[in-house]
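Q: Please construct the entire structure, taking both the sequences and the accompanying hints into account.
Protein chains: 2
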Amino acid sequence: MTPEFRRDPLHHVWVAFAPERQRRPQDFLPPTLQGGTLDPFAEGNERLTPPEVYAIREEDSKPNEGGWRVRVVPNRYPAMRIEGQLVSSPEGLYDRMTGIGAHEVIIETPDGDLALEELPVNAIAAVLATYRERIVDLDRDHRFQHIYIFKNVGPSAGASLAHAHSQLVALPLIPSFVEGKLARARDHFIAKQRSLFSDILHSERAEGSRLIAENDSFVIFCPFASRFPFELAIFPKRHHPDYASCTPDELEDLAEVLRFALQRLNEVLENPGYNLLLHTAPLRRPHTERFATTRYDYCWHLEIVPRFSSMAGFEIGTGAYINTVYPEDAARALRGEEPS
Amino acid sequence: MTPEFRRDPLHHVWVAFAPERQRRPQDFLPPTLQGGTLDPFAEGNERLTPPEVYAIREEDSKPNEGGWRVRVVPNRYPAMRIEGQLVSSPEGLYDRMTGIGAHEVIIETPDGDLALEELPVNAIAAVLATYRERIVDLDRDHRFQHIYIFKNVGPSAGASLAHAHSQLVALPLIPSFVEGKLARARDHFIAKQRSLFSDILHSERAEGSRLIAENDSFVIFCPFASRFPFELAIFPKRHHPDYASCTPDELEDLAEVLRFALQRLNEVLENPGYNLLLHTAPLRRPHTERFATTRYDYCWHLEIVPRFSSMAGFEIGTGAYINTVYPEDAARALRGEEPS
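Just so you know, the protein sequences line up as chains H and E, in that order. Straight run, no breaks: the first sequence in our numbering ends on number 340. Straight run, no breaks: the second sequence in our numbering ends on number 340.
Please keep in mind that the hints were generated in silico from the structure rather than gathered at the bench. Positions of the beta carbon are idealized from the N, C-alpha and C atoms, including for glycine. Incorrect hints may appear among the rest.
Reference excerpt, derived from the structure (chain H facing chain E, CB under 8 angstroms, subset only) [unchecked claim]:
{"id": "1", "residue": "13"}
{"id": "2", "residue": "76"}
{"id": "3", "residue": "79"}
{"id": "4", "residue": "92"}
{"id": "5", "residue": "148"}
{"id": "6", "residue": "150"}
{"id": "7", "residue": "152"}
{"id": "8", "residue": "175"}
{"id": "9", "residue": "178"}
{"id": "10", "residue": "224"}
{"id": "11", "residue": "226"}
{"id": "12", "residue": "311"}
{"id": "13", "residue": "319"}
{"id": "14", "residue": "324"}
Below, computed lysine to aspartate or glutamate pairings styled on EDC-like, alpha-carbon distance capped at 20 angstroms [what the hints assert, rightly or not]:
{"id": "15", "chain 1": "E", "residue 1": "192", "chain 2": "H", "residue 2": "95"}
{"id": "16", "chain 1": "E", "residue 1": "192", "chain 2": "H", "residue 2": "91"}
{"id": "17", "chain 1": "H", "residue 1": "237", "chain 2": "H", "residue 2": "256"}
{"id": "18", "chain 1": "H", "residue 1": "192", "chain 2": "E", "residue 2": "95"}
{"id": "19", "chain 1": "H", "residue 1": "192", "chain 2": "E", "residue 2": "91"}
A: In structure tokens:
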């Protein structure tokens, strides 16, 4: 069977069926980090990945050979397919859509022994600039409504390869969590004529107990209702819906705060697994006109969620969370202060 | 700090802060199944748990001694506290509520070597009757709005103890996923004058490719938009919002289909970790009057979700899922048919 998206009206969740990612029911092993065998993301092993779609390389180097700093390739086991026509259709009560999408891997460094936060700030900025380049490029494909970039580090966070990398998905739909955030941001703006993001940033800077750090362009804090212990949010000071609007200076500032945040988590929590989540507004499409005010009310942002334990039946069934660490305590530890 | 619930207006997720569940930031070890040490849930070790709140016991046995078949105790590491006054208050943009709730453990058998599905049908029915008894009892406490029962089996599903048990939480709020399901069920009923649950059951029985089994009272099927490989839904044929309405005969029938479903999963997937999720309507409270039509439009149901891999950055940030197995293929395997 070919990939497709499905939705049922009870859960209102889009599910990407990607049967090619798995061969047999027995293939459901817990993720293990590859080691010992060839690293497909290392410099010199470019032939082990699909041909690159983008790279930052030395001037005299050739595509799919060495000499790169950041390299983007299609995911070898994509959850969606880039080729084909987008067809959306009802099936009785249910909804189906052809499994069209981009699923790319952003290889953050040629060196498989380095974590993202071990790179110098300018190299992290190159990764962040690559995110922007891929968004700008995929925005030209009018089948897509939303682009989401994320990073899984460690088995607890769903990673299956140790070499530092992020993933990008370009989707022909707006996922339900994104839809919910957009709707709440819009309602807040309509009610108050202020952005919810600006209001949160204002509150956190005024209150201070959950703040970690800031620089010219960004603020890091532990959210008031953190779902995960030591969860972090990074908000830009310049309000804009689109991550792709970032200037080179802003990306350099973002690299700086991101590196700092990840290094602090490593120190306090001894190299936890984590997810990095980049939330940017949906692409500007006729389909997204219902979020017309999002040019003013939505703001792109980053979330970092350390992952210590599996999501259990409580979280999966309710969407509520149990968290063992108050964000004020996490912030104090990340600022390097003694527990109160 | 004492337990509390928090909510932020961007994510609209309730988080139960339970600082007593953890002592230091370093305590975030991945869950490990206890073995070798004393099993606090085994018969003879009743002193290792808080005093029981309910048990099905032999007539001449005493509380907190042996001679029981099913035993319910408060969770030793509760996410909420049963004592205290419920106070809900704003804090700037945010919401806070005292961490009032019940968090109980339902010990399903005195024998730590048996899984739920290894018990005879009447013993499973006794566990299911215990769920009902606890719901009926906690319904008397007007601080609570919703009761949710779930079961984590295996480390991949968030379990930390191997002895067969379920957990119950009584909450002073309606969690966001439950609110969403109720709202969609209500909208469906208003539009069509039919229950969404009845419509799904009708569709699945008419179409047949995702059906696993049925008996007099229940139908098991793989949902059209299954979020997890081999996800199962169990719907009652008699439409009712409240699980507590089940008759003894219905609980016997439910025990039969549940045992069958879990045994089939074990055979096909070699004893996977899984979550069992029991969704019943919110308790009848003034606060839940906004869901007034739920007496007709909502129906209690069970979900079983095998857990093979961690939820990764894609799922956590979008609420969408990637699933590698079509429900039609899962259903075929669970019915014991050859792959097509």
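Q: Against this structure, judge whether each hint is valid.
A: Hints and how they fare:
Taking 8 angstroms as the C-beta contact cut-off toward chain E, the hint placing residue 13 of chain H at the interface holds, the least distance being around 6 angstroms. Taking 8 angstroms as the C-beta contact cut-off toward chain E, the hint placing residue 76 of chain H at the interface is violated, the least distance being around 14 angstroms. Checking residue 79 of chain H against chain E by beta carbon gives a least distance of about 4 angstroms; that is within 8 angstroms, so the hint holds. Among the interface hints, the one on residue 92 of chain H holds; its C-beta lies about 5 angstroms from the nearest C-beta in chain E, closer than the 8 angstroms criterion.
For residue 148 of chain H, the interface hint holds, the least distance from its beta-carbon to any beta-carbon of chain E being 6 angstroms, beneath 8 angstroms. Taken as an interface hint, residue 150 of chain H checks out: its beta carbon lies about 3 angstroms from the nearest beta carbon of chain E, inside 8 angstroms. Interface restraint check: residue 152 of chain H against chain E, minimum CB-CB distance 5 angstroms, threshold 8 angstroms, status holds. Taking 8 angstroms as the C-beta cut-off, the interface hint given for residue 175 of chain H holds, the closest approach to chain E being about 4 angstroms.
Checking residue 178 of chain H against chain E: minimum C-beta separation of about 6 angstroms stays under 8 angstroms; hint holds. At its closest, the beta carbon of residue 224 of chain H sits 5 angstroms from a beta carbon of chain E; the interface hint therefore holds under the 8 angstroms criterion. The interface hint given for residue 226 of chain H is met, as the beta carbon of that residue sits about 7 angstroms from the closest beta carbon of chain E, less than 8 angstroms. Contact between residue 311 of chain H and chain E, as hinted, is supported at the beta carbon level, the nearest pair being about 5 angstroms apart and thus within 8 angstroms.
For the restraint placing residue 319 of chain H at the interface with chain E, the shortest Cβ-Cβ distance is roughly 4 angstroms, inside the 8 angstroms limit, so the hint holds. A cut of 8 angstroms between beta carbons decides the hint on residue 324 of chain H: the least distance to chain E is about 4 angstroms, and the hint holds. Of the supplied pair hints, the one linking residue 192 of chain E and residue 95 of chain H holds, its CA atoms being roughly 18 angstroms apart against a limit of 20 angstroms. Straight-line distance between C-alpha atoms of residue 192 of chain E and residue 91 of chain H comes to about 17 angstroms, which keeps the hinted pair within the 20 angstroms bound.
Distance hint between residue 237 of chain H and residue 256 of chain H is fulfilled; the C-alpha atoms sit about 15 angstroms from each other, no more than 20 angstroms. Taken as a hint, the residue 192 of chain H and residue 95 of chain E pair is honoured in the structure, with Cα atoms around 18 angstroms apart against an allowance of 20 angstroms. A hinted pair counts as satisfied when its Cα atoms are at most 20 angstroms apart, and residue 192 of chain H with residue 91 of chain E qualifies at roughly 17 angstroms.
Hint check: a violation occurs at hint 2 only; the rest are consistent with the structure.
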